[in-house]
Amino acid sequence: ADLVISNWDGYMAPDIAEQFKAATGLEIEVVNHATNEEVMGKLMASGGKGYDVVFVSSPFAEILNGQGLAEPIDKAAVPNLDNLYPEATTLAYDPGNTFSVPYTWGSTGLCYRSDLVEGTPDSWLNLLQPVDALKGKTTMLATDRWLMAAGELAKGFSVNEKDPARLEEVKTLLIEAKKTLLAYDDTTFYSKLVSGEASLVHAWDGWCNYGIGENKDIKFVVPKEGSDLWIDTIVVLKSSEKKDAAMKFINFILDAKNHAWAAQNILYKVPNKAAMESLDKALSEQYPNMAMAPADLVKYELLRDLGTAQKDYSRIVSEIKAAN
Amino acid sequence: MSFNATRPTLLAAPGVAWLVALMVVPCLLVLSYAFFERGVWGGVEYTFTLENFARVADPLYAKIFLNSARIALTATVVAILIAYPAAYAISRAPRMSQPILLFFAVLPFWSNYLIRTYAWIVLLNREGLINNLLRSLGYTGEPLSMLYTESAVITGLVYNYLPFVILAIYSTLSRLNPELMEASRDLGAGPVRTFLRVTLPLTLPGVAAGGVFVFVLSIGNFVTPALLGGGRFQMVGNLVYDQFLTANDWPFGAALGAALILTMIVLLLLQARATAHASGERKGEAAQ
Amino acid sequence: MNATLSSKLPGRIVLLLVFGFLYLPIAVLVLLSFNASGLPTSWSGFSTRWYGALLSNTDILRAAGNTFIVAVFATVISTVLGTLLALGMETRRRKSNGLEALAFAPMVIPDIVLAVALLTFFSRLGLTMGLHTIVISHVIFDLAFVCSVVRARLKHFDFSIVEASRDLGASGWTTFWRVTFPVLLPSIVAGALLAFTLSVDEFIIAFFTAGAGRSSITLPMQIYSMIRFGITPEVNALATIVMGVSATALLISQWLNRQQQVP
Amino acid sequence: MNASSNPILRIEGVGKAFGPVTAVDDVTLDIRENEFFALLGPSGCGKTTLLRMLAGFESPNAGRILLEGKDISPLPPEKRPLNLMFQSYALFPHMTVRQNLSYGLEMERLARTEIHRRVDETMATTDLTQFADRKPEQLSGGQKQRVALARALVKRPKVLLLDEPLGALDKKLREKMQLELKRMQNEVGITFIIVTHDQEEALVMADRMAILKDGRLLQVGAPEDVYERPADRFVANFIGVMNFIDGKVGVDGLFAAEGLQVKASGNAGSATLAVRPENIVIGPPGDLPVSGAIVDIAYHGLDRVLHVKTTASATPLQVRIPASGAGNWKIGDALSLKIDPARCRLFQ
Amino acid sequence: MNASSNPILRIEGVGKAFGPVTAVDDVTLDIRENEFFALLGPSGCGKTTLLRMLAGFESPNAGRILLEGKDISPLPPEKRPLNLMFQSYALFPHMTVRQNLSYGLEMERLARTEIHRRVDETMATTDLTQFADRKPEQLSGGQKQRVALARALVKRPKVLLLDEPLGALDKKLREKMQLELKRMQNEVGITFIIVTHDQEEALVMADRMAILKDGRLLQVGAPEDVYERPADRFVANFIGVMNFIDGKVGVDGLFAAEGLQVKASGNAGSATLAVRPENIVIGPPGDLPVSGAIVDIAYHGLDRVLHVKTTASATPLQVRIPASGAGNWKIGDALSLKIDPARCRLFQ
Ligand SMILES: Nc1ncnc2c1ncn2[C@@H]1O[C@H](COP(=O)(O)OP(=O)(O)OP(=O)(O)O)[C@@H](O)[C@H]1O
Ligand SMILES: Nc1ncnc2c1ncn2[C@@H]1O[C@H](COP(=O)(O)OP(=O)(O)OP(=O)(O)O)[C@@H](O)[C@H]1O
Ligand SMILES: NCCCCNCCCN
Ligand SMILES: [Mg+2]
Ligand SMILES: [Mg+2]
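Chains as they are written, first to last, in the working numbering: chain A, 4 to 327; chain B, -2 to 285; chain C, 144 to 406; chain D, -6 to 341; chain E, -6 to 341.
Mixed in with the good hints, there may be bad ones.
Calculated cross-link-like contacts (lysine-lysine; reagent style PhoX-like; alpha-carbon spacing at most 20 Å) [as the list claims (entries may be wrong)]:
hint, chain 1, residue 1, chain 2, residue 2
1, A, 174, B, 60
2, E, 164, D, 206
3, A, 182, B, 60
4, E, 169, D, 206
5, D, 206, E, 165
Rather than coming from a laboratory, the hints here were simulated on the basis of the structure.
Generate the whole structure from the sequences, applying the supplied hints.
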């Protein structure tokens, strides 16, 4: 194959290879990774060998770049960059899309069963200090950064907070919250809502949409304290020997029609103006968070690489997990 | 057997070579990262430091280790208690059907860990099959919270590693001379004491091997605690995993890993000694 | 053999209970393969759509094929090496702590350490990775497990039959095949089943040591990568088929075996 | 000698088959209290199987076993007040000699010091003291056999079943052990049932003995009875050495074969005369009624056996003479012999 | 008898220790081609260890072993043209009797039909034909032993090492097997080294025999030599039955003990007189020089052993008399006896 691309399973059109071949005559091979972490580990251990293009979330793209593994984006080869919302070209981790191109974006908030939760939850504290009826019926995302973010947002801190005293406060809050939690879950939380096992869960917007698709009573809300802004990006690896083809591939993805596929089929917002505008209105009626304006979205703070402060995060998360 | 003193060495050579070339060398390479600093963007900064080992000494990690060891140990004990009678029954079945029974004991594990674990979630959750069954049997109380508890984690671990213990114990039971048990009965020991004093010591190597499997696989497991324990319990393997992948702190991961490997190997050597002693294994030189 | 000492009944009850425990989640798993909805954890009606979907999902089928190839090769190699290592260790005059530690190490090294180590190592060697590197890597821990099972059996092995064989003119090699191996067979089979089962289900090491292409994706890699968007009952359908086919194949071969032995 | 007449063990019509193989066939036998009973028979005749049924390891297909009048079939082996010494030893490989011996006493929950004392005593009488801390695999064949014997002896059960207990021991040690067994019979009052291939052992030690063949009981009686008055040709041939001469009993009540006539009480018709080698008297040619020639001489330590060819039988007759008187004879010599009618048996 | 004089096997200063235990101690011994050599000694004296060194399973700590003049130390067991029958049988548990027997021949890559023929033949001579398809666990003790024997025999090696080959067999079968071994010695020309506890077996079958004790060789010689002229007190006592009378040799060259005098050539000083039970003649009280009284009578089948208390020794003397002449004597009877000076030995 001309290109090896690693992405999450089901995150692109299944026939992407045929379409791309029809359009460019180039062959691609799509492989899957389960998590950002795994593919990052693999890229770092191997120096990126074997892969041409990878899909990773923004902090990881930042790391790839920091490690010198990311190839600069050849703007001239990717004219479809023009399709992006302006907000998507000035993102703090990579202003001007120099080494990464955003693929999907969204927020993190609360996903809940409106028929089982009284009123509309509007604060992170609804999750972290639930009313009695919700005790034992909430879940939180398990990954370090999102787990911490919920506490940081509730306290009004930055999601990239580095001040040890503040982090200590967050820790206390989260350890307390653990007592009322059904589980930490970042893979099946929406099906817990569907089955009624949980009533209020910490969720990514797009993933909440899968629950909404199964049960209309499920709703998504971004608490008043705000959310983080997450972005899944496309990065070309420096070690790639097929950089031209890789740029062609990015350009192909950014084509309005192709990029719209992601929004339509995986129910994640895409930062592609042309694509979003081509969507059926019915979609945003069924899944209201699809309609969130880019301007509102980018108000949320991006997760950034923490550098050496990561040590404090991993220790705090370990303490939370070990607490009982 | 001294008729060819070099034979044992020759027999062990391919396996030893494989392990040295493909495990020891690569692992030493990675574990040596423990002596260096984490780079700004993760990775390794080749500046010598002992800080990572200092961090390992943090009591937090000892606490996590002890806690997950407790969970793993419970799973190990439970698995042995279930596996032993099963292995015993298989070894007493007609010779022809023994391989079939063994095969059916492992067959479930040729599916996938994740979907097996999901199946347990379906069984155990508050809206799950067992609770529904209870309800249809007329149970009206609060649904039982069986999932996301330590017991659920232990159940999952026992379930997934049970066949390994059955296999290990079966392998020592399969050709045990039945006259030894008869001799014990004859000398006045009932079935229980015969089991404790003769059968068990003679099959202890198998029990120990099986126990080691459950323990090391459990303590290194992270899917089961995440799914059945709702992520509220952490196993040691997870800690190392997180350093390499989530925290992107390879040097600390290497230090934790090295500490973990060393501790476990020392424990295992002690355990092997104890087993050898209790099962009256022949002494090295005398047997030759 | 004798009714005074061993009644068959308790054994049957034990087997019934243990197999009940082993197959209870499997029954659920199979049931879910006929689940109309795609959710892995709740039931919403009967359907065979996932079987249809599976048959057209070449990715899953290829991954299943790869897993089988990896597991078979890793099992064969590790069973041979592990058994020989066990024999070597148990016939040695002196126990060596270094050797013991070496044999334990693959079991206690956290998967991720081994995975990272192997990938780093293979890339430094400039090795092209693929199914073969997964096999090589799986053999590392598989052989430790096989060795452990076989050694347990060897602790009370009567080596005089090995001597008898040598005495009757058999070389070490022939003795192994004709005497040691058949007598150890139950434990070797146990070790091989263990290795196969471990390999079939192993994820992280396979992920790291696989090549970059589709051609070396194994089933666990495929299934784990589906987590983010939900694992569909296709996987349950696949597991159902795998177990069904294996069980049927075994039962048929046993039946043929018995037919052959009757006349 | 030590036998009183109340049976401690009664075996009633007991049978056992392994699939198509009938190992024990309708055996009925009483063992008297405190007697020393020997079980003899060719290899594979069912001796071990019979003992295993008594000990409770095989359940009979037929018949029942009564101990002191009570049917012990429902009792598991550990509840039966008898012990078996296994033909294949069945030593616990993970225990030292001392531990092997202590095991059975620990099961009786005896005090430690008592166990120690009895084990020490038994090890001393079986010459095992110096091996107390060895594992079975570090012992020689005969040492292992003694451990197996000692392990059964130390229990001092009512009935002790010994399956070939002294076969791996040399003559001296065997004699020492025989004395020990006899001593225990007398002092401790144990009833012994012993399987042995050593006829001398059976003849010397047993109060009574039984001969089994193909799972069936052929004869039960005191050793002298069996030796002197074997029930049939098989027993006659099995115990000791016997010369058989085929011939006919005439109407005159005389047994006759080619060149030989012996007074014998029997019915007229074809018959076999059985005579033991020590009951043939030899002399110089012509002195005695039957003439023959020496075809072979075997040295048996304390005496010689001459193989003498006569016209009376196809196989040479064996004649046993003291070694001291053997110097005179050599292969090829002619001689004459005489059979004492009082010391031979007729099978018809 | 069949022994020619060139040694096929030369054992030179061989020794073997298991840790602190010396099992074989500086043994030097020549085995001649085609001879039947018996190894005797008390339990644990090192017989099995010696055979295992010959077969190549233990390497000597000292000395060397030459087969036909060549040092075989470097040869692994399968390259040595000798075979060992294991005392513990070591049958292959997963093979039938036929397979156990065929195994060794298959190793020689003989033709199938040839293997079949020889296995059938050997099974027939060892009475195993009917068990051809059984597994060892389905056999009785004696049947297993015969399989072990047959498995070694069927190979027809140059030298056959048999460790207690007939111990589990009854007398008749043992005699049959003895004949078979002798036949193979003569017809096939095999050299046999056999360990046995059965003295009669050794005396009857062996061309020469060796007595081991505590790993050391005490005497090597023809059976008559060893029996009649034991090298020391231990051998005298070990082989056969021997009465020992402690006394003194006077300056007159006469051995004297309380109430007894025997002409004996020896140095003056304390000495022990050894005399076999069959070499003591008895008569009515007063007839013969030494007087005594019967304290016990043992029945040994073909003869009786009287235990006679005399003033000459603390332990009663054993006197063997033919059973036919025994009816006259009973316990308590007084008698007189005489020791033939030509048939006793003096140990000083
Ligand atoms: N593995 C061992 N470790 C320690 N001592 C041993 C070992 N094997 C044998 N021995 C000792 O060496 C001595 C000689 O043993 P061997 O088996 O040669 O005796 P043997 O003459 O064959 O006796 P038996 O007639 O009882 O079979 C014995 O005292 C025995 O206890
Ligand atoms: N498990 C079995 N399956 C089939 N046949 C058996 C089994 N066990 C014993 N036999 C047969 O039963 C018969 C009696 O065996 P048993 O062991 O009682 O003989 P034995 O008299 O003790 O002989 P030996 O003197 O040789 O020890 C033998 O022919 C034997 O082959
Ligand atoms: N703790 C390291 C064990 C290595 C073997 N991993 C096998 C995983 C099977 N699920
Ligand atoms: Mg027997
Ligand atoms: Mg021996």
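Given hint residue 165 of chain E paired with residue 206 of chain D - CA-CA distance at most 20 Å:
holds, 13 Å
Is the straight-line distance between the alpha-carbon of residue 174 of chain A and that of residue 60 of chain B 20 Å or less?
holds, 17 Å
Is the straight-line distance between the alpha-carbon of residue 164 of chain E and that of residue 206 of chain D 20 Å or less?
Given that 20 Å is the threshold and the Cα spacing comes to 14 Å, the pair holds.
Is it true that the CA of residue 169 of chain E sits at most 20 Å from the CA of residue 206 of chain D?
holds, 18 Å
Take a quick look at whether residue 182 of chain A and residue 60 of chain B sit within 20 Å of each other, Cα to Cα.
holds, 19 Å
The structure fails none of the hints (numbered hints given earlier).
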